[in-house]
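A.B. asks: Sequence order for the protein chains is G and X.
The numbering used here numbers the first residue of the first sequence as 12 and each following residue consecutively.
The numbering used here numbers the first residue of the second sequence as 12 and each following residue consecutively.
Mixed in with the good hints there might be a few duds.
Here are the simulated lysine to any residue pairs, SDA-like style, with alpha carbons at most 25 Å apart [unchecked claim]:
id : chain 1 : residue 1 : chain 2 : residue 2
1  : G       : LYS73     : X       : VAL67
2  : X       : LYS43     : G       : ARG133
3  : X       : LYS43     : G       : ALA142
4  : X       : LYS43     : X       : HIS93
5  : G       : LYS43     : X       : ARG59
6  : G       : LYS43     : X       : VAL67
7  : X       : LYS43     : X       : LYS55
No lab work stands behind these hints: they were computed from the structure.
Number of protein chains: 2
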Amino acid sequence: MAARPAPEKNCEHIDPRVEALVTDLIGRVADKWTMILLEILEEKGTQRFTQIARAVPDISQKMLTQTLRRMERDGMLTRTVHPVVPPRVDYALTPLGETLSEAFCGVWMWAEANLERVEHAREEFDARQVAV
Amino acid sequence: MAARPAPEKNCEHIDPRVEALVTDLIGRVADKWTMILLEILEEKGTQRFTQIARAVPDISQKMLTQTLRRMERDGMLTRTVHPVVPPRVDYALTPLGETLSEAFCGVWMWAEANLERVEHAREEFDARQVAV
DNA sequence: CGGTATCCTCCTCGATACTG
DNA sequence: CAGTATCGAGGAGGATACCG
Numbered sequence: 012m013a014a015r016p017a018p019e020k021n022c023e024h025i026d027p028r029v030e031a032l033v034t035d036l037i038g039r040v041a042d043k044w045t046m047i048l049l050e051i052l053e054e055k056g057t058q059r060f061t062q063i064a065r066a067v068p069d070i071s072q073k074m075l076t077q078t079l080r081r082m083e084r085d086g087m088l089t090r091t092v093h094p095v096v097p098p099r100v101d102y103a104l105t106p107l108g109e110t111l112s113e114a115f116c117g118v119w120m121w122a123e124a125n126l127e128r129v130e131h132a133r134e135e136f137d138a139r140q141v142a143v
Numbered sequence: 012m013a014a015r016p017a018p019e020k021n022c023e024h025i026d027p028r029v030e031a032l033v034t035d036l037i038g039r040v041a042d043k044w045t046m047i048l049l050e051i052l053e054e055k056g057t058q059r060f061t062q063i064a065r066a067v068p069d070i071s072q073k074m075l076t077q078t079l080r081r082m083e084r085d086g087m088l089t090r091t092v093h094p095v096v097p098p099r100v101d102y103a104l105t106p107l108g109e110t111l112s113e114a115f116c117g118v119w120m121w122a123e124a125n126l127e128r129v130e131h132a133r134e135e136f137d138a139r140q141v142a143v
């Protein structure tokens, strides 16, 4: 109970077997499109397929479908098909998806806050490479 | 100023031009190996190349070098070559790397806490697919 | 020890075309 | 509208061999 001077970190590590599984899960959620779709649904609430597509112009329809399906499978969001013509499909975050979105919030804020620092670091690095 | 009932979120959104850059940056840092190396260096402090390699047995030497270089370029860590024989190279997080590591902390905790929920969601989803 | 360099193989991802 | 199906290019990433 004495000599640990760094209580700033609450991100302590865990059972190695669990860690492998966690690492695996990280590999799937730490994906650019997943993060972006989480953000959009968190921000705008329930959205239809085309609404999401318009909100993320860079994504191909294929990737959008694929990512939404995987997120549905992982319990991040619900997909509701309304039996009308023309078809209408709503996507909404589940509570699980919302908690993940909140967890990623810190990363978004970090990226926003440190954009310039990273840019600067790159320039310095590249300059050093040329010099050598 | 009235009817917005959800002040729980402090992850508000931003200038679209900035957002594109942020999204880009996210694409580079939201990488499995980057997250894992950040964790290891945060947890264990300065490490040599082979120490890291041993700590992450699944990574190939190529990916390890590549990821470390990119992180160095982005200002996440420093690479110190000691001119001795045999060669010795130390890797250590910079303050910037440490803040990112902390930002990812929430995601690690989420993954650890929700592993079973995700597993369960997958089983349910897969069962539903077979049924249909 | 701490890398590069090279080759080779998946597998992601985009583009296009078609459907209920 | 909201997909599925198919094709094809390109890059990620592993295996191996060699170097300072």
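A.B. asks: Hint by hint, say whether it matches the structure.
C.D. replies: Now for the hints, and whether the structure bears them out:
1. G:LYS73 - X:VAL67: Given pair G:LYS73, X:VAL67 is violated - Cα atoms ~33 Å apart, limit 25 Å.
2. X:LYS43 - G:ARG133: 21 Å, holds
3. X:LYS43 - G:ALA142: Violated - the C-alpha atoms of G:ALA142 and X:LYS43 are around 32 Å apart, more than 25 Å.
4. X:LYS43 - X:HIS93: Violated, at roughly 29 Å.
5. G:LYS43 - X:ARG59: Cα-Cα ~30 Å, so violated.
6. G:LYS43 - X:VAL67: Satisfied, since the Cα-Cα distance of roughly 23 Å is no more than 25 Å.
7. X:LYS43 - X:LYS55: Between X:LYS43 and X:LYS55 the Cα gap is close to 18 Å, so the pair holds against 25 Å.
Comparing the model with each earlier hint shows violations of hints 1, 3, 4 and 5; every other hint is respected.
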